[in-house]
Amino acid sequence: MTGPVEPHPVLVPALLAAAVAVTVVYSLGLSIMRDAYQRLHYAGPVVGLAGPLIAAAVWLDDPHAQARIKVTLTVLLLLAANPILGHATAKAVRLRALGRWPVRRQERIPLAADPTGSFAGDGPPPGIAAGDDDRGPEPEGRPS
Amino acid sequence: MNAWTWAATFLLLALVPCGVICFRGESEDRLVGLEMAGVVATLELVLLCEGFGKPAFYDIPLAMAFLTLGAGVVFARFLQRWI
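Just so you know, the sequences run in chain order A and B.
Using numbering that gives the first Met the number 0, the first residue of the first sequence is number 0, and each one after it goes up by one.
Using numbering that gives the first Met the number 0, the first residue of the second sequence is number 0, and each one after it goes up by one.
Treat the hints with care, since some could be wrong.
Pairwise CB distance ranges (calculated) [said to hold, decoys possible]: (1) A:Pro82 to B:Glu25: 16 to 26 Å; (2) B:Val73 to A:Asp34: 43 to 53 Å; (3) A:Ala96 to B:Arg23: 13 to 23 Å; (4) B:Phe77 to A:Leu59: 15 to 25 Å; (5) B:Gly52 to A:Gly98: 46 to 56 Å; (6) B:Phe22 to A:Pro44: 18 to 28 Å.
Keep in mind that the hints were calculated from the coordinates and are not lab data.
Don't be surprised by glycine CBs; every beta carbon is placed ideally from N, CA and C.
From just these sequences and the hints, can you work out the full model?
Written out as structure tokens, the structure reads:
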């Protein structure tokens, strides 16, 4: 892992420029979007593109194993954390807006058996069991 | 100045839109801006560590990544329940 490394004169700056460009552009895009759901999508490329580009530049430029390992761990942690944060934030936004998390039949989310979301029958749409309630069965012992 | 410190300088521009959202948006938008700012700050710290030639300082962006995750989840929970 350690050893003499000739810093690449063109590739390292190019990787850094690409990482910075991706981050700046997607930050601007995040500010332009209209609501939180759309904004959440703009953190993904920053973590998924800019992070690995910077890690690649570190691997090319720095011979120290400590730097290489830690930047790899940092980028992997960001890659793992981003979907967790996105889900937690989207759930919080939805609960604040609607007061519930599960999707109701009336919201017409397209299903595999009903891709157009046009199901308008009285019973459950395809793929959902009859009597399927949003909250599921109450746990025993909890007052209703 | 080297390529790393220049990259770190220009990467600061990405914090400006995040700051604008944190100051102006709704609570949900502010949380998203905060999470994005945390990611950008982590990458900024990596660039600074490499630009100053201090591999021992890589613990700082690693800790920042952990804190970004923890803070984001905690604030999302607060936003969901109490704010």
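Problem set entry | Hints breached by this structure | 2 and 4
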